[in-house]
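**Q** Those sequence lines, one after another, are chains X and W.
Each step along the first sequence adds one to the number in the numbering used here, with nothing skipped, and position 87 is 87.
Each step along the second sequence adds one to the number in the numbering used here, with nothing skipped, and position 6 is 6.
One should not assume that every hint holds.
No farther apart than 27 Å at their CA atoms in a straight line, the calculated lysine-lysine pairs in the DSS-like style are these [unchecked claim]:
1) Lys201/X x Lys13/X
2) Lys200/X x Lys213/X
3) Lys9/X x Lys124/X
4) Lys33/W x Lys13/X
5) Lys23/X x Lys164/W
6) Lys33/W x Lys23/X
7) Lys201/X x Lys92/W
8) Lys200/X x Lys164/W
Distance windows between CB atoms, simulated [unchecked claim]:
9) Leu78/W x Pro127/X: 22 to 28 Å
10) Ser8/X x Glu2/W: 55 to 61 Å
11) Leu98/W x Ala192/X: 41 to 47 Å
12) Phe70/W x Gly128/X: 30 to 36 Å
13) Leu174/X x Thr38/W: 32 to 38 Å
Derived from the structure by calculation, the hints contain no laboratory data.
Beta carbons: idealized from backbone N, C-alpha and C, even for Gly.
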Amino acid sequence: MKKQVTLSKEFFKGVWDNNPVLKQLLGLCPTLAVTVSAINGLAMGLAATFVLVMASLLISSIRKIIPAQVRIASFIVIIATFVTIVDLVMKAKFPDLSKALGPFIPLIVVNCVILGRQEAFASKNNPGRAFLDALGMGTGFTIALLVLGGIREIIGSRTFFGIQIMPDQFEPWLIMILPAGAFLTLGLILGAVNVYIDRKKRLEHESIIAHYKRVGREELIEELEVK
Amino acid sequence: MELFIIFISAALVNNFVLAYFLGICPFVGVSNKLSSATSMGMATTFVMVITAIVSWLLYNLVLVPYNLAFLQIPSFILVIASLVQFVEMVIKKVSQPLYRALGIFLPLITTNCAILGLALFGSMREYNFLENVIFGLGAGAGFTLALVIMAGIREELDLADVPKPFQGAPITLIVAGILALAFMGFAGMI
Numbered sequence: 001m002k003k004q005v006t007l008s009k010e011f012f013k014g015v016w017d018n019n020p021v022l023k024q025l026l027g028l029c030p031t032l033a034v035t036v037s038a039i040n041g042l043a044m045g046l047a048a049t050f051v052l053v054m055a056s057l058l059i060s061s062i063r064k065i066i067p068a069q070v071r072i073a074s075f076i077v078i079i080a081t082f083v084t085i086v087d088l089v090m091k092a093k094f095p096d097l098s099k100a101l102g103p104f105i106p107l108i109v110v111n112c113v114i115l116g117r118q119e120a121f122a123s124k125n126n127p128g129r130a131f132l133d134a135l136g137m138g139t140g141f142t143i144a145l146l147v148l149g150g151i152r153e154i155i156g157s158r159t160f161f162g163i164q165i166m167p168d169q170f171e172p173w174l175i176m177i178l179p180a181g182a183f184l185t186l187g188l189i190l191g192a193v194n195v196y197i198d199r200k201k202r203l204e205h206e207s208i209i210a211h212y213k214r215v216g217r218e219e220l221i222e223e224l225e226v227k
Numbered sequence: 001m002e003l004f005i006i007f008i009s010a011a012l013v014n015n016f017v018l019a020y021f022l023g024i025c026p027f028v029g030v031s032n033k034l035s036s037a038t039s040m041g042m043a044t045t046f047v048m049v050i051t052a053i054v055s056w057l058l059y060n061l062v063l064v065p066y067n068l069a070f071l072q073i074p075s076f077i078l079v080i081a082s083l084v085q086f087v088e089m090v091i092k093k094v095s096q097p098l099y100r101a102l103g104i105f106l107p108l109i110t111t112n113c114a115i116l117g118l119a120l121f122g123s124m125r126e127y128n129f130l131e132n133v134i135f136g137l138g139a140g141a142g143f144t145l146a147l148v149i150m151a152g153i154r155e156e157l158d159l160a161d162v163p164k165p166f167q168g169a170p171i172t173l174i175v176a177g178i179l180a181l182a183f184m185g186f187a188g189m190i
C-alpha cells in the first residue's frame with residue numbers, strides 16, 4: 001500500500017495543482033459556453049460540483065460490486081441520473097437560470113471532468129477520500145468558471161452579479177459576451193497561468209542554486225543544469 | 001427552402017464549435033494536423049447523422065408516447081454510446097479502408113458533447129424527422145469546417161514565433177476566438 005496523502009491535500013489538489021480547467025484543460029465546453037456572466041458561471045459550477053460529489057460518493061461506495069468490464073457504462077448511467085435530478089430541480093426552482101444555461105445542464109453528463117474523476121479516483125478510493133477529491137475538483141472548476149464569467153461580465157456588460165460596478169463612461173466591450181470573447185479570455189487566462197508557473201519554477205530553481213552555493217556543493221549545480 | 005436554412009444555420013451561423021462551444025475537446029486535441037482533422041470531421045459527421053435519426057425515433061416514438069421524457073438524458077447517452085460501438089463494428093466488417101481512416105477517432109466521439117448536444121437540440125426545437133436529419137448533417141459539416149480551418153491555421157502556427165507561455169492551448173484558444181469572430185460575419189445570412 002502506497003503512502004496516503006493527507007486529507008487536506010486531497011481537497012486542495014483540485015483547487016489549484018490539478019485545476020480541471022486551468023491545468024488539465026478538461027470540461028472546456030461548459031466553461032466557455034455559459035460564462036457570459038458570473039452568476040451563470042457560478043450556477044454551472046455548483047451544478048457540476050453537485051453531480052461530481054454525489055456520483056463520486058456513490059461510485060466509491062459500490063466500487064467493489066461494479067464489474068470492471070462495464071464500469072464506464074455504469075459510471076455514465078449514475079452520472080446521468082444525478083444530472084437529471086439537477087436538471088429537473090433547476091427547471092422547477094430556477095426557471096430563468098435553467099433557460100439561460102439551456103442544454104448545458106444536460107451536457108454535464110459528457111463533461112470529461114466528472115467521468116475522469118470517477119475513472120481516475122472514485123473507483124479506486126474509499127468514499128471519504130472520493131468525497132474530498134470531488135469537492136476539491138468541483139471547487140476548482142467553480143472558481144475557474146466564476147473568474148472567467150466575472151471577467152467577461154465586468155468588461156462585457158459593466159456589471160458583476162448584476163450590480164453595475166464600472167462607471168457609465170466605460171463603453172462595454174460587446175465582444176466579451178459573444179462566443180469569441182470566451183475563447184480570447186480563456187486563452188489569455190491560460191497564458192497568464194503559464195507565465196505565473198514559469199516564474200515560480202525559475203525562482204525555485206534559483207533558490208536551489210543559491211542553496212548549493214551556500215553549502216559549497218558547486219558540482220550539484222552542474223547536475224541541475226544538465227537536467 | 002426551410003431545410004436549406006436549417007442546414008446553413010447549423011453549419012455556419014450557429015456553428016457547433018464556434019458559437020455553441022460543443023466539441024471543444026476534439027477541436028483542441030485533434031486539430032494539429034490537417035489529415036487527422038479531416039478524418040475526425042468525417043467520422044463525427046457520420047455519427048451525427050445516425051444520431052439524429054436514432055435519437056429522433058427514440059424521442060418521438062418511445063419517450064414521448066410513454067411519458068418518459070424525463071429519461072431523455074440517460075437514454076440518449078446510452079443509445080449514443082452503443083451506437084458508436086455498433087458503427088465501429090459495422091465499419092470494421094464492411095470497409096477496411098474506411099475503418100483505418102476513421103478507426104481511432106470513433107471511440108473518442110462517444111464523449112464528444114456535440115453529439116449529445118445535437119440530440120438534445122433536436123428534441124428541444126421539435127424538428128420533424130427530415131429537418132432533424134438535415135440539422136445533423138449541417139452540424140457535422142460545420143464541425144468539419146471549423147476543425148479543418150483550425151488545423152490549417154495551426155500547421156502555419158508551428159512556424160510562428162509564439163511567446164513561450166502562450167504556446168499550445170492558449171494560442172489555440174485565441175486563434176479560435178478570432179475564428180469565431182470571423183464566423184459571426186455569417187450571422188447576416190439568415
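**Q** All the hints need checking, so say for each whether the structure fits it.
**A** Here's how the hints hold up against the structure:
no.: 1; hint: Lys201/X x Lys13/X; in the structure: holds, 18 Å
no.: 2; hint: Lys200/X x Lys213/X; in the structure: holds, 20 Å
no.: 3; hint: Lys9/X x Lys124/X; in the structure: holds, 17 Å
no.: 4; hint: Lys33/W x Lys13/X; in the structure: violated, 33 Å
no.: 5; hint: Lys23/X x Lys164/W; in the structure: holds, 16 Å
no.: 6; hint: Lys33/W x Lys23/X; in the structure: holds, 23 Å
no.: 7; hint: Lys201/X x Lys92/W; in the structure: violated, 48 Å
no.: 8; hint: Lys200/X x Lys164/W; in the structure: holds, 15 Å
no.: 9; hint: Leu78/W x Pro127/X: 22 to 28 Å; in the structure: holds, 26 Å
no.: 10; hint: Ser8/X x Glu2/W: 55 to 61 Å; in the structure: holds, 58 Å
no.: 11; hint: Leu98/W x Ala192/X: 41 to 47 Å; in the structure: holds, 44 Å
no.: 12; hint: Phe70/W x Gly128/X: 30 to 36 Å; in the structure: holds, 32 Å
no.: 13; hint: Leu174/X x Thr38/W: 32 to 38 Å; in the structure: holds, 34 Å
The structure does not agree with the numbered hints 4, 7 stated previously, though it agrees with the rest.
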